[in-house]
Amino acid sequence: MTGEPIVDVTDLQVHFRVRRGLVGYQTVRAVDGVSFTIAAGQTLGLAGESGSGKSTVARSLVRINQPTGGSIRVGGTETARLRGQDLRAYRRRMQMVYQDPYDSLDPRMSVLEAIGEGLAVRGMARAQRRAATEDLLRRVNLPVSLTSRYPGQLSGGQRQRVSIARALAVSPEVIVCDEAVAALDVSIRAQVLNLLKDIQADAGVSYLFISHDLSTLRFMADQVAIMYVGRLVEYGTSSQVFGQPQHPYTKALVAAVPEITATGRTGRTRLTGEPPNPADPPPGCPFHPRCAVAIDICKTLRPTLRRKVGGQFAACHVAPDEAPAVSSQGATPGTPGAEPGPAIGTPSSSEVSA
Amino acid sequence: MTAPLDQHLPDPAAVPSEAVSDPELIAAGLAAEPTLTQPGLGRRTLESLRRDPVALISVLVVVCLAIVAIFAPELAPYNPLHAFPNGLAADGAPVHPDSTFLLGTDPNGRDVLSRMIFGARVSLLVGVVATGLASIIGIIIGGIAGYAGGVTESILMRLTDVVLSFPILLFCIALIAITGPNTRNVVLVIAFGYWTYLARIVRGLVLSLKEREFVTAARTLGVSHAKILRRHILPHLVPAIIVYSTLGVATSILIEASLSYLGIGVPIPQASWGQMISQGQEYFQTAPWLLIAPGVALIITVLAFNLAGDWLTDLLDPATAEIGR
Amino acid sequence: MTGWLARRLAQMIIVVFGVVTLAFLFAYIVPGNPARLVAGPNASPEAVASIARQLGLDRPLWSQYVSYVGRLAHGNLGVSFALQGRSVSGEIWHALPYTVLLAIGGVIWEIALGIPIGIAAAYRPRSIMDRFSTLGALVGLSAPPFWLGLMLLYYLGYKLTLFPLSGTGHPLIWYLILPTFTLGVGGAAWYSRMVRTTMLEVLRSPYIEFARLKGMPERTILLRHALRHVLTPVITMLGMDLGYFLGGVLIIESVFGLPGVGQLAYSAIDTLDIPMITGTVLVAAVFMVVMSFVVDVAYTLVDPRVRLSRR
Amino acid sequence: MVAVEHLTVAFPARTGGGEVVRDVSFAVNPGERIGLVGESGSGKSMTARAIMQLIPKPGRVASGRVMLLGTELGADPKVAASSWRGTTLSMITQDPLSSLNPLVRIGTQMTEMLRFHRGLGRAAATARARELLASVGIPDPARTLSQFPAVLSGGMRQRVALAIAVSCEPRLLIADEPTTALDVTIQAQVLDLLERLTAEQGSAVLLISHDLGVVASFCDRLMVMYGGRIVESGPTAQIIGAPAHPYTRALMASVPSMTGDLPDRLASIPGSPPAGGVWSTGCAFMPRCPIARAVCATVDPALLTLSGAAEPAAGDGAASQGAADQGAADQGAADQGAADQGAADQGTGTDEAVQHAAACHASQNESWGRAA
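In the order they appear, the protein sequences are chains L, P, D and W.
Sequential numbering of the first sequence, starting at 470, is according to our numbering.
Sequential numbering of the second sequence, starting at 200, is according to our numbering.
Sequential numbering of the third sequence, starting at 0, is according to our numbering.
Sequential numbering of the fourth sequence, starting at 9, is according to our numbering.
No wet-lab data here; the hints were simulated from the structure.
Errors might be hidden in some of the hints.
[What the hints assert, rightly or not] Which stretches of chain L does chain W cover? Using the computed rule of at least three CB atoms under 8 Å from a CB of chain W, they are:
hint, region
1, 526 to 536
2, 714 to 723
3, 739 to 749
4, 762 to 771
[Claimed, not checked] Now the stretches of chain W that chain L is said to cover, found in silico as 3 or more residues with beta-carbon under 8 Å:
hint, region
5, 196 to 204
6, 213 to 221
7, 263 to 276
[Stated by the list, open to error] With beta-carbon atoms standing in for the labels, derived distance ranges:
hint, chain 1, residue 1, chain 2, residue 2, range
8, P, 292, D, 154, 20 to 28 Å
9, P, 274, D, 216, 38 to 46 Å
10, D, 216, P, 485, 54 to 62 Å
11, P, 485, D, 176, 23 to 31 Å
12, D, 52, L, 486, 28 to 36 Å
13, L, 746, W, 65, 35 to 43 Å
For every residue, glycine included, the Cβ atom is placed at its ideal position computed from N, Cα and C.
The following block holds chain L by itself, in its conformation from the complex (with noise of 0.2 Å):
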């Protein structure tokens, strides 16, 4: 359960240029000084609204975006700046599977020549690719006679877990989901969660879980971290964030979660205004135009995370910080042995933002 994280992290910055004017640029913050850790093995969870530049962090571990700044190590090794041969030998080690199963498979391969594309990047043989195909549609839970049809010929989860089995056919140790059941209808989705439950049980892959859906990510995640404009507001293990969260986002966005419960709607807290434009966010907390229980400070310095009472971390000025009696090591979040406390208190996140 626990050893060296197999993904670290720290202080992940992706800038977007935009122009302006006839030279000019304006630099949006995408993801804006992130640091987390991934054990092996295991799953973190990221959740945040449309903005919060989560699938922007996914894009960069995969390396579809190029960070700005920061590290991102893998397995020990540095890969935020590798480049040409180097760079495909890493994607092998870390996969990702896409949000829309109608767009992520070429309309135009069958299922074993999109399978067989990730073989033969491993280097395996044209002719022992049928074979492993359709032992990877195994693993998937998917007939074997699927190899030879086409994406328009399978239903919504039937793509999904092809794309799965596509992913899994470069053996990485890393996968991440974007995303990856919400286009799916509630009972394919269950069966879709189970299936990566197993996957990760045999294989020992860990996951980066990104989801809007706070149910889905306490059901899959043993970390989770949330998002707001670019950075995380708060990061613990699953228990602590949604047991006790501390952040007033967080707290928000927990109770917003629909339940199936004949309640009705009645009593709960309720977040006003949207989330702000991530070119041009507010200063200090970005987060105080819409909390509740915002002071002064908030308006003009940028809280950084810090360890609160629950055990996990939090930016937030509000939220009363971890008594100093407790023991900083018996309270980090699900990894004991991968401390991400000092990775994540870096200098630019705890600038005032201008």
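Starting from the known structure of chain L, arrange chains P, D and W on it as the hints suggest.
Leaving out everything else, chains P, D and W in the frame of chain L:
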């Protein structure tokens, strides 16, 4: 001449290319139902031809034209260049259509039908070769611009804009006037004018394909750029290329006819429909068939290619089916 | 939007420069010695050499290019070889009114025929009206314009004597009806097809469904909600057509004997009058570039979504 | 108030269609909040469009009818749909990004409706539109009126759509997945708004969603659709407390919870939902059903009131296997057992409509002992 047809081709590149496409801004809507199993392309082709008589006729016309063009020497009743002594009436006027000369004769006493048949050969040859050449240039330049992006794209697209802004017909005429009219030059100048449209279309398609998740997925798998282009991008361009090439043949035939009409297309005495119209123009009061026959042949040919292009658009759906599911 | 405008303007200037360069290269890679063309076939070698010096042909290419661009910047397109002593810009200026009238007339026909027919066809798809207009559009598209012009002249001008046969006269509009119609009919066919397709697509969109759910009458939906979406592509096509027509519509002018820019260029080609050829080509290209810029700006003004993305 | 009677919507077979809605009946009473739950392809959206008489072509109502205040909709061609659409019945759809016309100013999109239906003048309509925008929580309504939809976020656009939909105080507002495309915090805001506006106007709401959680928290009464049919209906508390149909039960179990112990695996339903429109005989859920019996393959069960809900004593009578009158008759298998007419008629009246009913051969026997 009026605006060339190609000017109005639907242009996927017209979509503002700067539009921000943040994946996170795309809402997580519910997925549509999976489409039912589709029959193979061959069966769909036959089925749609059976249901659409207009398409069937236009495809048949195209096939017939090809046969006529290929077997022109065998099919033509006479030598198209031979001036028959009995091809002119006593007063030197062209002979009306009769049993000897089915479509009459021209002012030189040559058989109009034979000239029409050989004219088909010229039209198709110029149309197909010029379009083929234009397609190759257009795919390469558009494909590179779309896939590479950045400075390469800017340079290639500005180059395309420059050529696109040039008054192509005028330019063609000037070039041909200087280099001398011959069929090769006609083909080259038409190709030079037409590749820009294909380049823009291909670039637009590649830009959108590049953002598709299956291309991203192939990249994260570690598939090389060459393989991605060959296996994931090129196959999706095929429908668009087929459709726009078909329409391009129609356009090229019209341009060739226009050039020949102006006397700078296919050189005399070779037969070409446009040149026949130009020649018949002076006789239209006494010998209207000289004008009507090649004109109708041109309309039917161009119409058939346009209709076939429409049908192919429905069948292959270059803009949506290949982007769709 | 000013940032976008500035970038788009810069883009336009780059393209104009490209066009100028292409025109320059064209003029100077032409086989044969331009000086000989000017001097005439019987001139002595000394005379040719002196004319070449006069024209600056003995200087290196880049220096010629610089002075060429410099002259252009002052609106000087050079002196015609064939029409001794007359300035190219002056000739073009004289021919331009015919071309402008022809272009505007052609565009008016395109709109007047294309848009109503397209709307009518989309209103009841697969109706008689739809099929009839679709077929008409296709024939209009496929007819070679010079042939169509000749046919119109033959039947309406010669047989029925409804219209003058060719050339110009008073009132001028009388002489422009057939040429503008011939010019516009192909475009009208395209417009009607495009309006129909866009309209049918728009009528299936969620916002049209929402307008129906609001209980708005079908007329309002068609004219207020759907028609606007057709305008954007129409503006694009209109602008490009106008830019193209303004460059001189050689074939129409030659069929109907109108002394426009196209005719000017055509006769210049006949006499290998290089300054006149490059001048007309340049004018036509600049019209095209400017119109495509105008179209882009108009697009931005018409569509609020484009306005947002072009900050 | 609104009654849907034996509604069947069909698409021609050559377009890959079939009956996407089959024999659906229910009634909506004034001021009621009723939920319709189902997965994609279950026919829930098509039911809504059938009520609004806007089934996309080439679909059509194959049988059944929709009654509005005692009159059949679409029966009289002289009665224009605009006489009730948008006024008595109105509807908002799923996609807030595309349900507003991007090229028409928000003000025009709001006032055109008030002017057409209510006959207001320009100034009066604008004033009313401003009030409406303020009431849905749009900051600076006056400015928003002159803007185009593109400047608003998805949540804001859905608020505008909601303001338009309630602007003529409809008796019934149909909301088809109104929050699916929105972030979870915005989703809660929009649902609150929907609740407040309809309560103020006394409008009934038909809320359509794939998310049982959303519907359960909002509605007094639920209907669960599967394979084009309503498979379970009844008061929310009863369905949530004691789901009778195996599909409803599985649906509830397959959603992970935010509280309580975490299961190692989620209960999942094997197989996929039917592709839509093409049904075999028998119960559409049969291939995925854990408690299917032989009869389920041949007889499509009718939606029967679970007597256990209203009268526990009479439970056995309604629960007999195959106790289906319409269903059995439609399938030509009326010999499957005696039909309990009283319980079988799920009907359209107020009294029957709120009773808990399910369309399942097996659960009608077995579950009620446990529930009661």
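Exercise for review: Give me the numbers of the hints this structure contradicts, sorted from smallest to largest.
Suggested key: 1, 4, 9 and 12
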